[in-house]
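This note's numbering puts the sequence shown at residues 1068 to 1360.
Label-pair ranges, simulated between beta-carbon atoms: (1) D1077 to G1262: 46 to 54 Å; (2) D1193 to Q1224: 14 to 22 Å; (3) V1115 to T1303: 31 to 39 Å; (4) R1214 to D1133: 32 to 40 Å; (5) V1206 to S1132: 44 to 52 Å; (6) A1260 to R1099: 41 to 49 Å; (7) G1131 to R1300: 30 to 38 Å.
Please keep in mind that the hints were generated in silico from the structure rather than gathered at the bench. No experiment lies behind these values; they were computed from the predicted model shown. From the three backbone atoms N, C-alpha and C, an ideal C-beta is built for every residue, glycine too.
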Amino acid sequence: MTVTPEILTDEERRLAVEHWLLAAAEDRTWARNEWERDGIALLRCGGVFGTVHISADIIHGAAGSDDPAAVNGHLAKAVLGGPVVVDQETSPYYVLVGRSTGSRVEWERPRDARESSMGQILVAKDGMPVVTTLLPREVSSVPAARRLVRSTLTDWQLPALGYLAELVVAELVSNTVRHARDSVVRVTLRRIANGGVRVAVTDKSHAVPVLRPLNDDALDGRGLAIVDAVSRRWGTDLLPWGKRVWAELGQEADIPSATKVPMFAVHKAQALYVLIVVALAVLLAAFISTEQP
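The whole structure should be built from the sequences, with the hints applied where relevant.
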């Protein structure tokens, strides 16, 4: 009979957890290098492990503090040193557990967590609703992201922001498809004060988008100019493993104005600019007509 030696030291426990996690990777060497280089590695759930989602309020309440050191200490004892991941954007905690955990009878009753038609519904620290989803880094994700925006803003009763928010998310996801790395992108919508919405696209690239002077003859490269024109403000948050590009839209519907949108001198560029403005005007007129009795 083979006797499995008992794990006695912290180093042995760390190695055991590491090998267990790596068993879920398609390429163990690649996953280990990602972790060492970027501080994050993409692993598949449903194979050797699954995840249990716990809200930050519950974790902080159990730990008696929201201090990271106190929370880490509590979790280390509560889950016996097992791996826990925290989402830095929306703050839920994900405890990695064995694959069979999800089939326990305790989980057969309806869950409290809700799902929208296309994304997971969360609550930010300030109590504002958040909808987030992962999409493949493919061109087909651009219309999928627009549908997510349209559905979410309808649920939040903010349809007036829909056409601008769709335009922004389309540009941000398109940039990610063209320039980022890894196979997925996260799209997040967060309601903000004064009836506004924050659109964010997160990826694993550290390349920061820059709003540059435009070449008059160029027929592309105007995505950030559009985002800058229609948003209250926009920016990039650098993360240890990538970046988050976001834009905030206001209830006042920041329609592009001559003072905010750059003008172009060459005929081809002027034509493109006119087409963009006409498209926005058509969308606005269509929305107003649907609102009239």
